[in-house]
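S.K.: In case you want the letters, here they are:
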Amino acid sequence: METPGIFWGVIGWMIAWGIAGSLLLRQRYFARDLDTTNAGFVGAMAGAALGPVALIALWARTPQLTGRIIVGVTLLAVVLIAAAFAFADPQNNCVSNGEFVASQITNGLIIGIIYGFMALGLTLIFSILGVVSFAHGEFYMIGGMLVYYLTAVWLPGLNPLAAVVAACAIAMLIGATFERLMLTPMYHGRVDRPVEYGILATFGLAFTLQYLVQALHGASPVKAQRFIDFPRWEWPAEAAAPLVQTRRGSIEFFDLVTISNPRFVAAVTCILVLLALLFFLHRTWQGRALRAVAQDREAAAIAGIDPDKMNMLAFALGGMIAALAGALLVQAFSWLPQVGAIPAMRSFVIVVLGGLGSLPGAFIGGILVGLVEAAGTGCIPNAQKAASYIPAYGMIVLTLTLLLRPTGLFGRRFAGGAHGQF
Amino acid sequence: MASSDGGPAMRPEFQRQIPNAAGVLLILFFALFPLVYTGGNYDYVMHVLITAFFYAILSASWSMLAGYAGQFSFGHMAFMAIGAYTAALFGHYFWITGEATGLCREIPFFGNWLVVVNPIGVTSTTLDQDCLRQAMTAWDGSVSVTRMPIWLGIVLGTLMGGLAGFLVGILVLRLRAAYLALFTLGFSEIVKAVISAEIDITRGQAGMELPPLFPDGVTLFGQAFGPTDKIPPYYAMFGLLLLCLAILTWLARSRFGLFVRALREDQDAAAALGVNTTRYKVVVFTITCAMAATAGAVQAHYVQIVTPNMLFLLQMSLVVAMAVIGGIENFVAAALGAIFLQIMLEVLRTSFTIGGVEVDMTTWRLVFFGLLLMVTLRFFRNGLIAPLIDRFRRAGVAAETVEKRTATLTGPGGGPHRADAAEVPE
Amino acid sequence: MTKSSLTGKFLLVATSTLALVAGAATAQDVSCPIRIGALAPLSAPGTVVGGEAMRDAMLIAEEDINAAGGVLGCGIEVVIGDSEGLPERAVAIMERLITQDGVVAVGGGYHSSVGVASKDVANDRGIPVVFAETWNDTITGDKQKYIFRIAPLSSWTSNIIWEFALTVPGVEKVAILTENTDYGIPASQETAKGLNENGVESVIFSVDIGTQDYSGIVNRIMAEDPDMIITLVTGEAAYNFTQQAADAGIGPLDIPFQTGQDALESGAYWENVPDGQYAFVQRIGVPESQFTEKGKAFAAVYKERTGKSDVESYAMEAYDSIAILAQAIEEAGSTDGDAIVMALEDIRHEGTLGTIYFDYGLKRDPSEDGKGDEWWHQWPDPAITMIQYQVEGQSSTEAAIVYPEAYKTADPVFVNQ
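Chains A, B and C supply the protein sequences, listed in that same order. For what it's worth, the working numbering labels the leading residue of the first sequence as 40, then goes sequentially. For what it's worth, the working numbering labels the leading residue of the second sequence as -15, then goes sequentially. For what it's worth, the working numbering labels the leading residue of the third sequence as 539, then goes sequentially.
Take these hints with a grain of salt, some might be off.
Claimed, not checked - Distance condition first, Cα-Cα at most 27 angstroms in a straight line; then the derived DSSO-like pairs of lysine-lysine:
(1) LYS909/C - LYS731/C
(2) LYS681/C - LYS214/B
(3) LYS731/C - LYS424/A
(4) LYS214/B - LYS683/C
Stated by the list, open to error - Label pairs and their in silico Cβ distance ranges:
(5) PHE292/A - THR262/B: 49 to 55 angstroms
(6) LYS683/C - ALA122/B: 24 to 30 angstroms
(7) LYS683/C - GLU83/B: 28 to 34 angstroms
(8) LYS424/A - VAL8/B: 50 to 56 angstroms
Read the hints as simulated data drawn from the structure, not as lab findings. Glycine is no exception: its CB is placed at the ideal position from the N, C-alpha and C atoms.
Just chain A, same shape as in the assembly:
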């Protein structure tokens, strides 16, 4: 087996120069009294991608590390790893099978969008309250369970859209109530360590909700029916290989990649709601008030915004986002009381990767994690192990990022508020 030898050799070379680069450049920028936030990251990527050449150049010139440089060297490093992989294992589906690659990327994107959307709720809560909600997965579970019960048990025949809206409303209500009852003491310095208190309180909520649903519902898996059936449709019509083609249960693009109906519906809805959310945050008074509180709590209070109300709004909104993700996916996955654990874990990885409190970070982090998971599942040659390691792929990227940039990709230090200590 000679080719894997070459592959591991290249990887080893990249790692060695990456480590050297991260350490050397950080030191160099520090010595020169320059901004060191990105130095380690760029150093690692540049070292990995171009080896000593890039390091000498950066060392000598110490340029200002703009976004362009960061993205450039990162992409270069990723491309290089991919190339080494292609060289080492040319028979692999990831290298030789274009359709396979396209499907895997699509899968990664779709699930990434949904994960990213869910993580958005988590990061929204964090940016306002400074709390990492450990109950995020349970809101997701509740959302799905409510849609199932509404459409299949309590009110059979109910329009799924109405059920989704109702589930979101109930989740908001639970979120708001919990925030009023449990989280209010942290705002006014009545709790020694608000961050830990928040984690523990939401932890308690998660525990209670999960076992409450299990006690009430039992453990049999349920699933809601497909919300809508696509009509048979082609565009352009009558073409031999239509660009878009729908069937009852799936949609096909470019005669190449097929996305199942529930996933497509979920992803599109997530994007629409995301746009609505952005509109809300930027164009409405409430939304602006939320952002103001996230930026500077005291200043916002002086400007006449009641930060406590914003806290409640943020927690309710965050819970609702998770519940919406669950409500949309209950038509794709079998639902159980424990179903929230996996997406919650993904959301944690994503928000830390993107930088806690950063909305674009959460979304981009989500897509990144989705893609990395797809690559891991699809490309690892050993079929036995590729899928077993799914939970770990995102974590590996996260570990690397945190080592190089302790605040995550888009993280920033906050100005004030309950979470001022970050």
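Chain A is already provided as a structure; the job is to place chains B and C on it using the hints.
M.R.: Just chains B and C, lined up with the frame of chain A:
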């Protein structure tokens, strides 16, 4: 909180000794319990108590890490698992035989052979055998085959746990509260994924079997105990708990403990005062993780099987909840909370009927547990047990301080040193 | 602050310990009712659906036996122990059943890992166990005196799987999805081995239990272009995989597809896998039309009690595991473990699954007939069949039995023909 000057009836010095006295009583109670208790469910009660001690060690060391040092780690169970799996793998793969097997990888070892067994993973039939079993079948008992000493596995487990804690401690140095919690949670997931996926070596979900804590039995106080008797593991775990508590107490009382507390209150200020914050963080991480690993290794030998499921988030949440309900900033209280809750969780397994509706306690007990956790957090921020201890410890402190201040202060009795504001706990 | 609160902390812990002790006092010295333990996974990460079915079945067994006059003039009481699907819990729960609840024998058992871990506890204490649904060969393969099993061996079920796969026309390559547990790994390896020996290629994908999103794996399976898919996954994971494969165009409607055993609960199956028509499922036990009288009676009660549309095979096994123990105690004339073992070795029990007996044991070693150790205390002929859902929304007891010949009620439909 209740006024702490409410005990004029009793001398404060005496009151302050009450927690110590109660502690001694408790230790005596648990030390004598196995000897005096004679119920028919003896083994079961012992089992519950041993498990309770196990959780007490985890909970106490976690409260040192999270409560004292402010390192809010959610990966404590991962270190426990590292300890347990180190012991299991060591015991499973390393053997000493009198002669060379000719099948395994082996090296001469003081006149014997140190044999490293080949991994065969999970098999369904008994016909698949690893190289040592094959050799043993051929020998048919004519050659001595000795397993590695149990204590060596436990020591190795402790060292591995400490080493892992050290490395993770360095990694998370620059991370603060929320990042740290999430990162350690993820670390725990990685450990679980690796153990589940590397089936050839770890046997994955099937779990690894271990020999009992005292495979050849043990003689205590002139009485011989077999490998399945509960008394030796009971005292082993109890002793370990006391040892851990002693180490933690020593840590907390030393200069070191002072620094660690300073670290929690305000990292930047502590750093400014010249406390080497990074070093202390790493040291605390290493010590507490090593404790968790020891507990894991001992428990693994006691239960005789380890599986990756002990890394389920529920297990970690139990430890966290136990520490919180006991009192997160007081590791003795955390340990007591763990013992108390573990026992309650077992007792509450029995279902009951209210008004014709059967309440299946198997799941409902966890709902109540969650509610208890939330209520404790909201209304008893220092837990349920820690305030009790504090209450006695601080008895008379306020009155004393007032006396001292009024005696020494030149200014008016109030002034900047208002005794009630400065000393009385909230 | 009074003296009574001084030792509050002490009392808190001490009383809770005493509460444990007090609970035990009643459990002592049982002559009546005779207690029989029953293992079933009733909380996650165990397969709770299976556990609940077994629990219900074993409680029905208790009622039936008591209605028929009980055992040795006593009523019996089935004490359910929640194994949680965790080996370490199983050890504790076995200990609890024996020492706290004072059971004289134990039935039930779903997860293989639970069986493997808990059997030693029972064997050490001389309490007979009849395992109902634990397939791992080593459970009987360790030849322990007190351990019996009425479930089929993992290797037997694997044989049926690959033998059936070989009958699929034009089969050259099989994709196997397995969970990385001690049920899935050996089963997948044995199946792959059997296929290989007969010239059929196979590729195994293993997943963590509880995986939800299979899109990446489904893509990989599609890229392998298999002629058949075999699912060796339990719980809702099998539903998720089957439906997602169907969404991607390689589901039961597209190629021969064997789904997980939980599909036997057809109500849940059709809700979770709406596109699951033509799926094959392995079933233990004969079809309902060939049920024994006892089987029919049990099926009727069970369906009425649980509201389910059919009886899962593990429910029947669970029922029999309790009933056979009751008969053995009656025949032994005592609740002594050794006496029960002797009675079990000679037993002929007319159960819901058929006539249950144990050929090999203390009186006759399997090696005398050239059989492997796993035949020890093992019921030799549980019926293992392959059924197919040929009509959408069908219940599993009405579904066509397509393999083996002895039980066949209809020809299999191969969708890709």
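S.K.: If a hint holds in the structure, say so; if it doesn't, say that too.
M.R.: Okay, the hints, checked on the actual structure:
At most 27 angstroms may separate the alpha-carbon atoms for a hinted pair to count; LYS909/C and LYS731/C meet this at roughly 20 angstroms. In summary, the hint linking LYS681/C to LYS214/B is supported, as the alpha carbons are separated by about 26 angstroms, within the 27 angstroms threshold. Restraint check for LYS731/C and LYS424/A: the C-alpha separation of about 19 angstroms stays at or below 27 angstroms, so the hint holds. The straight-line distance between the Cα atoms of LYS214/B and LYS683/C is roughly 23 angstroms, inside the 27 angstroms bound, and the hint therefore holds.
One distance hint, 49 to 55 angstroms for the beta-carbon pair PHE292/A and THR262/B, holds here, with the actual separation near 52 angstroms. With their beta carbons about 27 angstroms apart, LYS683/C and ALA122/B fall inside the hinted range of 24 to 30 angstroms. The hinted range of 28 to 34 angstroms is satisfied by LYS683/C and GLU83/B, whose Cβ atoms lie roughly 32 angstroms apart. Look at LYS424/A against VAL8/B: about 54 angstroms separates their beta carbons, and that is inside 50 to 56 angstroms.
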